[in-house]
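Enquirer: So the protein lines, in turn, are chains U and L.
Counting with my numbering, you get residues 1 to 293 for the letters of the first sequence.
Counting with my numbering, you get residues 1001 to 1442 for the letters of the second sequence.
Keep in mind the hints are simulated off the structure, nothing from the lab.
Glycine included, each C-beta is placed from N, C-alpha and C at the ideal position.
A hint or two may mislead.
[Stated by the list, open to error] Simulated DEER-style distance windows between Cβ atoms:
1) L:His1046 to U:Ala159: 48 to 54 Å
2) U:Trp212 to L:Glu1435: 48 to 54 Å
3) L:Asn1089 to U:Leu17: 23 to 29 Å
4) L:Lys1432 to U:Pro49: 22 to 28 Å
5) L:Lys1220 to U:Ile140: 50 to 56 Å
6) L:Glu1435 to U:Trp221: 36 to 42 Å
7) U:Ala159 to L:Asp1138: 54 to 60 Å
8) L:Glu1070 to U:Ala274: 42 to 48 Å
9) U:Phe280 to L:Val1048: 50 to 56 Å
10) L:Gln1184 to U:Pro49: 55 to 61 Å
11) L:His1046 to U:Val220: 42 to 48 Å
12) L:Ala1083 to U:Arg93: 51 to 57 Å
13) U:Lys66 to L:Ala1083: 43 to 49 Å
14) L:Thr1033 to U:Ala274: 43 to 49 Å
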Amino acid sequence: MRRKIIGYLFPLPLLILILVIFLYPLLSTVRYSLYDIPFGAKEGPFVGPQNYRIIFGEPVFWQGFKNSIIWALGNLALQLTIPFGIAIVLNHRLKGINFVRATVLIPWIVPAVVVAICARWLLLPTMGPVNYYLIKSGIITHRLNFLGSLGLAMPTLIALNSWKFFPFGTLLILAALQTIPVELYEAARVDGANPWQCFTRITFPLVGRMVWFIGFLVFVWNYNIFDLIWLTTKGGPGNTTQTLPVLIYRRAFKTFRPGEASSIAVIIVIFLAALGLVYFKLLAPKKEERVIV
Amino acid sequence: MSSKNEKVRGAWIGIIVGLLIFSFPVTIWAQETTQLTYWHHEAPAHRVAAHQQVIDIFQKEHPDIKITQEVVMWGDAWPKTLAAIEAGNPPDFQYSIPDLLLTVYRANAIVPVTDVVLEMDEKYHFFPGQIAPYHHKDEYWGIPIWTMVFLLTYRPSYFEEYVGTTEPPKTWEEFLDYAEKLTQAPDLYGIGLGGAKNLMIDEQAYCIMTTMGAKFFDEKGNIIFDSPKTIKALKFYKEIFQYTPPGADAWSWGEMELNIAAGTVAMAPYFPSVQKRFHEELDTSDYAGAHMPYPPDGKPGTITYPNEIHVYKQTVARGHLPAVEKYIEFVLRPEINYILTAVQEPGGFYPVTEAASKAPEFWKDPIITRFKKTNEVAMKALEYATLYGFEYGRWVNLGIGDITGADVLADVVHRIVTGQMSVEEAVKWGAKQMEKYSEPVG
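Could you put the whole structure together from the sequences, leaning on the hints where they help?
Expert: Written as structure tokens, this is what we have:
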């Protein structure tokens, strides 16, 4: 009995942390979403679902929702494919590979604010070096307004964010690749398998589950990103990069409507939780994967 | 043995008595020293240094008052101020701007400073336009310490090369003509104007609006933003915007100053504060400021942004009000005020009183001297400059703070320059947004 009690005590600090950092703010946000609390005030009248009705009736919310999906899916596509390729390269025993593995981490280490400020200067149409060298090399013929153009701002931000994130995906996939026994590849090569067959019949099936898991993490993490977008475009131009987290910030701290901002936050929580349920219940890969050569 | 014990006991008694004797004056001193904390929002290092210079001089004169400055970035000013008020722990006083002052007034957090204002007015004579934003219900709720003003800043050498004169434009027609002639893409563009959703665009757009006499409110505080004057002003903004560099629709303060200093834009409605960079980094006098051009049916106009001190209720409860009043009187002395104007940001911050505007310390600053003509124009512009929502010498609509905080005007401009809406549609939309925050005083 004593051992049982001690056993419960060990995770207790973590549980308290979760309660304080996660559960209490979540419940507070739900509460705020049901009240009309003026910014900076403690109290306000109870309005029930009024904040949700307002939000659902605003085109800017639906545009934000759409932008968030585009943002998350765009990042997902880049942050799974490129890291996969890099991880395969890094999985080889080549000279200097350890140095390369270390330098791959650099984008991950650079703070988002540094990336944002540097990007704003580098991508300036008139004075930024990116436009200068693209024009000089003949790749483009006139200056591109990367962060100020309605059509380019979102792809530019996705590329920036993916550049920052790819080391993380690379390391996770690399770790998974290193669990694959080398003998499988040797046996496959002996049987005449080419590199593509090795990839599709050995590599991908065996790391598939890891990639599938990373996929959901990447989607959720990117969905909630605020800093890079706010520090570069602030959701512009013309709300084309205004995702729901950016809308939450604007609604709470620029227009002083914490109730509406909280309701958007609650909607995001419900959406991501439902998505997670579908993803893990219905889309989970089968546990047994047969390797066929 | 007992002699040794007696010696030890004697020593302990001596130590305790000694501590008591010496701690008594220290305790008294500590109790008599008033500790003040104030917030301001000028984060650049040289501005923080100017504040500290004033504090150091003040503390030498008043050794019983200790002051600590705390910097809160402008972007965080509204939420952090309101959070501090809600927590019951705001600073003793705060440097602020009229729209933020209105927000804290609505939070019922501040006390009037009428007595100090009247006393200082008698001594130093405030410019009427600078004290007007603080008058409400027969009280003054803030006291201006320095002010800011937009001019049409420009590069005289570019004017000479491409327009054939160093004289700045005076009418809208000339303004457009200059902008067109000065646009030599891709290296030079006629004008620096922004199109993003931020305070800079609020101010640039208002600069142009006010030369048409367009306003947010009427005298009763009703929203009159959707008017022919506003539409005409913003149509002009859209027309001249075509001469801005690509990417200007995403600019904020940093990009604007970079492009002015780099010579990518020939002119820009802006604070003439860039003169500091021209003096220190570029060492050139090729920079000037002029009155904003206005149309035949318009009038001289520009934006001014006084920065004031307001005092919190908790300051009175803490017994710190007399010390705060001493500080306010101190910083308005012309020979001290120049530190918060010419030293803190030459060409950016200007005096708010006649006495300070004549102070030799202000005009002897090397940067102010180098660009003397521009600074004289700025002082002249203060005579007619106004601030959105405060044009009537009193508060007419308490929602102006939220309207500014939400960057509604900048949002209207953004929709226009990005082609999302026509000028008429955007103005109509903007008026509707303003109605959400509107709180007419009546």
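Enquirer: All hints, please: hold or fail.
Expert: Outcome of the hint check:
no.: 1; hint: L:His1046 to U:Ala159: 48 to 54 Å; in the structure: 37 Å, violated
no.: 2; hint: U:Trp212 to L:Glu1435: 48 to 54 Å; in the structure: 50 Å, holds
no.: 3; hint: L:Asn1089 to U:Leu17: 23 to 29 Å; in the structure: 26 Å, holds
no.: 4; hint: L:Lys1432 to U:Pro49: 22 to 28 Å; in the structure: 24 Å, holds
no.: 5; hint: L:Lys1220 to U:Ile140: 50 to 56 Å; in the structure: 55 Å, holds
no.: 6; hint: L:Glu1435 to U:Trp221: 36 to 42 Å; in the structure: 39 Å, holds
no.: 7; hint: U:Ala159 to L:Asp1138: 54 to 60 Å; in the structure: 59 Å, holds
no.: 8; hint: L:Glu1070 to U:Ala274: 42 to 48 Å; in the structure: 44 Å, holds
no.: 9; hint: U:Phe280 to L:Val1048: 50 to 56 Å; in the structure: 51 Å, holds
no.: 10; hint: L:Gln1184 to U:Pro49: 55 to 61 Å; in the structure: 58 Å, holds
no.: 11; hint: L:His1046 to U:Val220: 42 to 48 Å; in the structure: 43 Å, holds
no.: 12; hint: L:Ala1083 to U:Arg93: 51 to 57 Å; in the structure: 56 Å, holds
no.: 13; hint: U:Lys66 to L:Ala1083: 43 to 49 Å; in the structure: 33 Å, violated
no.: 14; hint: L:Thr1033 to U:Ala274: 43 to 49 Å; in the structure: 60 Å, violated
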